[in-house]
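A.B. asks: Each chain is listed here by its residues.
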Amino acid sequence: MSKIRQRHFTFDQDLVPSRDEALKSYIVYTSKKDGAPHRYAGYLNAPDINMAVEYACEHYGQDEICVNIWVHDVEVIHQTPCAEVTIDMDLARDAQDRDEHPKWVVFTQRRRGDIHIEAGAIHAPDSENALRVAIARHGKETVQVRVVPWDQIESTKPNQLIWRTHDQTYRLARGYSKSVRAKWAAVRDAADLNEYTKDDIQNHF
Amino acid sequence: MSGASNPVMNIDPSQEDQAKLAEFEQKIADGLLIEQGDWMPEAYRVGMLRMAEHHANSEIIGALPEGEWITRAPSLRRKLGLTAKVQDEVGHGQMLYRVSQDLGKPRDEMLRDLCTGKTKYHNCFNYPAPTWGDIAMIQWLIDGAAIMNQKTLADGAFGPYVRTMHRINMEEAFHFKSGEDMVLTLMSGTKSQKAMTQEAFDRWWGPSVMFFGPHDKPGCKDLPPMKWRMKTETNDSLRQRFVDRFAPAAIDLGLVIHICEKDDEGMVTSKRVDEQCVEDKETGHWGFTDPDWDEFFRVIRGNGPCNAHRLALRRFSYEQGAWVRHAIASGSTSLPPAA
Numbered sequence: 008m009s010k011i012r013q014r015h016f017t018f019d020q021d022l023v024p025s026r027d028e029a030l031k032s033y034i035v036y037t038s039k040k041d042g043a044p045h046r047y048a049g050y051l052n053a054p055d056i057n058m059a060v061e062y063a064c065e066h067y068g069q070d071e072i073c074v075n076i077w078v079h080d081v082e083v084i085h086q087t088p089c090a091e092v093t094i095d096m097d098l099a100r101d102a103q104d105r106d107e108h109p110k111w112v113v114f115t116q117r118r119r120g121d122i123h124i125e126a127g128a129i130h131a132p133d134s135e136n137a138l139r140v141a142i143a144r145h146g147k148e149t150v151q152v153r154v155v156p157w158d159q160i161e162s163t164k165p166n167q168l169i170w171r172t173h174d175q176t177y178r179l180a181r182g183y184s185k186s187v188r189a190k191w192a193a194v195r196d197a198a199d200l201n202e203y204t205k206d207d208i209q210n211h212f
Numbered sequence: 002m003s004g005a006s007n008p009v010m011n012i013d014p015s016q017e018d019q020a021k022l023a024e025f026e027q028k029i030a031d032g033l034l035i036e037q038g039d040w041m042p043e044a045y046r047v048g049m050l051r052m053a054e055h056h057a058n059s060e061i062i063g064a065l066p067e068g069e070w071i072t073r074a075p076s077l078r079r080k081l082g083l084t085a086k087v088q089d090e091v092g093h094g095q096m097l098y099r100v101s102q103d104l105g106k107p108r109d110e111m112l113r114d115l116c117t118g119k120t121k122y123h124n125c126f127n128y129p130a131p132t133w134g135d136i137a138m139i140q141w142l143i144d145g146a147a148i149m150n151q152k153t154l155a156d157g158a159f160g161p162y163v164r165t166m167h168r169i170n171m172e173e174a175f176h177f178k179s180g181e182d183m184v185l186t187l188m189s190g191t192k193s194q195k196a197m198t199q200e201a202f203d204r205w206w207g208p209s210v211m212f213f214g215p216h217d218k219p220g221c222k223d224l225p226p227m228k229w230r231m232k233t234e235t236n237d238s239l240r241q242r243f244v245d246r247f248a249p250a251a252i253d254l255g256l257v258i259h260i261c262e263k264d265d266e267g268m269v270t271s272k273r274v275d276e277q278c279v280e281d282k283e284t285g286h287w288g289f290t291d292p293d294w295d296e297f298f299r300v301i302r303g304n305g306p307c308n309a310h311r312l313a314l315r316r317f318s319y320e321q322g323a324w325v326r327h328a329i330a331s332g333s334t335s336l337p338p339a340a
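Protein chains in written order, with my numbering: chain V, 8 to 212; chain F, 2 to 340.
FYI, nobody ran anything at the bench for these hints, they're computed from the structure.
Heads up, some of the hints might be wrong.
Said to hold, decoys possible - List of simulated lysine-lysine pairs, DSS-like, C-alpha gap at most 30 Å:
1) F:Lys195 to F:Lys80
2) F:Lys282 to F:Lys152
3) V:Lys110 to V:Lys147
4) F:Lys106 to F:Lys195
5) F:Lys21 to F:Lys228
6) F:Lys28 to F:Lys80
7) F:Lys272 to V:Lys190
8) F:Lys106 to V:Lys185
9) F:Lys222 to V:Lys205
10) V:Lys31 to F:Lys119
11) V:Lys205 to F:Lys21
12) F:Lys192 to V:Lys185
13) F:Lys119 to F:Lys282
14) F:Lys119 to F:Lys80
15) F:Lys119 to V:Lys205
16) V:Lys110 to V:Lys40
17) V:Lys205 to F:Lys195
18) V:Lys205 to V:Lys185
19) V:Lys40 to F:Lys80
20) V:Lys185 to F:Lys152
21) V:Lys205 to F:Lys80
22) F:Lys218 to F:Lys228
23) V:Lys39 to F:Lys192
To be verified - A short list of chain V residues far from chain F (calculated; beta carbon distances all over 10 Å):
24) His45
25) Asn52
26) Pro109
Computed from a predicted model, the values in this text were never measured in an experiment.
By construction, the Cβ of each residue, glycine as well, lies at the ideal position given by its N, Cα and C atoms.
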């Protein structure tokens with residue numbers, strides 16, 4: 008048995024609650040390579056947006072290859088209600104996009120349950136107009152359009168090292184696939200092996 | 002890792018607004034997802050919260066037996082892999098607590114309820130991991146079972162949970178493959194490596210077969226957890242699928258499937274070959290001896306080999322981390338307590 012399992016813990020007080028009401032919720036998007044759209048990764052709790060970026064780098068930036076991260080407060084989202092099939096394009100009527108207006112980033116969801124993916128940026132004077140423009144430009148074949156003011160998004164620095172540059176395949180399924188297959192080949196024939204691996208999650212192995 | 006299908010959910014939807022409930026059920030029958038902000042029956046919110054919270058608890062408790070082995074991993078690559086896996090599991094906990102928070106329970110309350118035993122985590126983490134072979138088995142069998150379960154949970158109906166499952170499954174794929182590599186390596190190794198692996202397999206086969214929870218109640222497909230697609234597969238069908246995949250794999254590797262008696266420490270005291278574990282050539286399914294459900298319920302009630310220790314270590318970490326949470330939340334610079 009390990010030493011830590013043999014350690015005997017005693018507690019002389021009742022459990023004291025922490026105060027986590029001071030934490031806010033932030034949404035995290037990651038980009039897999041330069042120029043690739045930012046995709047919803049998840050959300051997290053943090054005391055402020057700078058800490059949120061730090062947490063995001065350590066958590067969502069380490070799950071898979073990642074070159075850039077965007078973070079914003081949950082509260083700054085404006086989005087259409089989630090449509091059942093596709094969004095009503097009539098909602099885009101009178102959309103006006105002028106460069107002198109503030110910039111908004113558009114995220115869209117293709118089907119219910121999908122993640123939100125960056126679709127582009129637009130300019131609009133306010134959230135209502137921003138949504139209209141976003142629907143006109145990017146709303147086709149989506150169930151939900153989300154706009155976020157560009158100045159509310161905190162990004163990692165250009166060329167910031169998030170996913171390390173040394174070999175990190177030890178933290179990916181494909182880092183083991185070849186070795187596993189070679190070892191199985193010693194005890195199983197190809198047909199058996201294919202049957203067994205059909206339950207693997209194909210996109211990831 | 003997940004045992005999200007395990008908590009018994011006694012849900013009574015008769016108190017709901019029947020018109021809204023009918024609309025909600027139609028949406029689910031049409032294969033649409035429920036998103037945060039959509040109307041949902043109270044029983045659904047509470048049920049999803051319990052499921053996500055139990056899953057989150059399992060992730061962070063599940064990191065404990067493996068975390069013990071980081072310093073003793075047999076090679077640098079295994080150490081890096083295990084460190085990354087433990088980090089992943091805690092990250093899954095973070096994501097799932099976040100989903101649960103949106104369903105209405107503050108995170109700190111969830112963490113405290115876990116420490117005090119008010120809420121549960123997956124039963125399999127109440128068993129010990131005395132050797133490196135156990136770490137291989139946790140990653141191969143338990144993560145393999147978790148993937149089977151979570152792939153079906155990703156077909157569920159609650160959008161935020163479904164998205165989290167997709168993200169988690171990507172990482173579980175790595176955990177499972179690395180575990181498979183470890184088992185294959187050990188079983189192509191020396192005599193003593195093989196013996197260690199067999200002993201670890203004996204300790205983990207039972208908990209793996211129990212992983213999917215007790216036998217389903219009759220008519221479970223019409224009860225809310227399945228009718229509302231909180232879960233999409235019965236415990237027994239998942240269990241059969243697990244045995245069909247892993248029993249022949251274990252046998253091909255040279256492992257023997259045993260029925261074991263264990264002592265209070267979770268160590269095997271006697272074993273005999275499971276004669277039922279053979280393939281039925283007609284159905285293609287593998288047989289297996291029904292696990293000891295008395296043991297299952299005994300362990301759930303807190304009397305497993307490691308229950309007390311896991312919770313004590315979790316509580317110790319919670320209390321040791323209080324000053325960090327306080328400093329972050331208040332922006333203060335208070336010092337850590339003396340060790």
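A.B. asks: If a hint holds in the structure, say so; if it does not, say that too.
C.D. replies: Here is what the structure says about each hint:
Proximity of F:Lys195 to F:Lys80 is assessed by CA-CA distance (about 21 Å); at most 30 Å being required, the pair is judged to hold. For a cut-off of 30 Å, the pair hint linking F:Lys282 to F:Lys152 stands: about 27 Å separates their Cα positions. A hinted pair counts as satisfied when its Cα atoms are at most 30 Å apart, and V:Lys110 with V:Lys147 qualifies at roughly 21 Å. A threshold of 30 Å between alpha carbons decides the hint, and for F:Lys106 with F:Lys195 the separation of about 46 Å lies outside it, so the pair is violated.
Between F:Lys21 and F:Lys228, the direct Cα distance comes to roughly 16 Å. Compliance with the 30 Å bound is thereby established for this hinted pair. Under the criterion of a C-alpha separation no larger than 30 Å, the hint pairing F:Lys28 with F:Lys80 is inconsistent with the structure, at around 47 Å. As the CA atoms of F:Lys272 and V:Lys190 are separated by approximately 29 Å, the hinted pair is consistent with the 30 Å bound. A threshold of 30 Å between alpha carbons decides the hint, and for F:Lys106 with V:Lys185 the separation of about 44 Å lies outside it, so the pair is violated.
Among the hinted pairs, F:Lys222 with V:Lys205 is consistent with the structure: their alpha-carbon atoms are about 27 Å apart, no more than 30 Å. Restraint check: the Cα-Cα separation between V:Lys31 and F:Lys119 comes to about 26 Å, which is no more than 30 Å; the hinted pair holds. As the CA atoms of V:Lys205 and F:Lys21 are separated by approximately 41 Å, the hinted pair breaks the 30 Å bound. Our distance criterion of 30 Å between C-alpha atoms is met by F:Lys192 and V:Lys185, whose separation comes to about 25 Å.
Between F:Lys119 and F:Lys282 the alpha-carbon distance is near 46 Å, which puts this suggested pair outside the 30 Å criterion. Restraint check for F:Lys119 and F:Lys80: the C-alpha separation of about 34 Å exceeds 30 Å, so the hint is violated. At most 30 Å may separate the alpha-carbon atoms for a hinted pair to count; F:Lys119 and V:Lys205 exceed this at roughly 39 Å. With a C-alpha separation of about 23 Å, the suggested pair V:Lys110 and V:Lys40 falls inside the 30 Å cut-off, and the hint holds.
Between V:Lys205 and F:Lys195 the CA atoms are separated by roughly 27 Å; this keeps the pair inside 30 Å, and the hint holds. For the hint linking V:Lys205 to V:Lys185, the alpha-carbon distance of about 16 Å falls within 30 Å, and the restraint holds. Taking the CA atoms of V:Lys40 and F:Lys80, the gap is near 28 Å; set against the 30 Å cutoff, the hint holds. Taking the CA atoms of V:Lys185 and F:Lys152, the gap is about 23 Å. The hint holds against a cut of 30 Å.
Between V:Lys205 and F:Lys80, the direct Cα distance comes to roughly 29 Å. Compliance with the 30 Å bound is thereby established for this hinted pair. The straight-line distance between the Cα atoms of F:Lys218 and F:Lys228 is roughly 14 Å, inside the 30 Å bound, and the hint therefore holds. With a CA separation close to 44 Å, the supplied pair V:Lys39 and F:Lys192 exceeds the 30 Å bound. Chain F leaves V:His45 outside its interface by the beta-carbon criterion, the shortest separation being 15 Å against a cut-off of 10 Å.
Here V:Asn52 does not stay apart from chain F, with its beta-carbon only about 7 Å from theirs, under the 10 Å limit. The Cβ of V:Pro109 lies farther than 10 Å from every Cβ of chain F, with a closest approach of about 26 Å, so its non-interface assignment holds.
Checked against the numbered hints given earlier, this structure breaks hints 4, 6, 8, 11, 13, 14, 15, 23 and 25; the rest are met.
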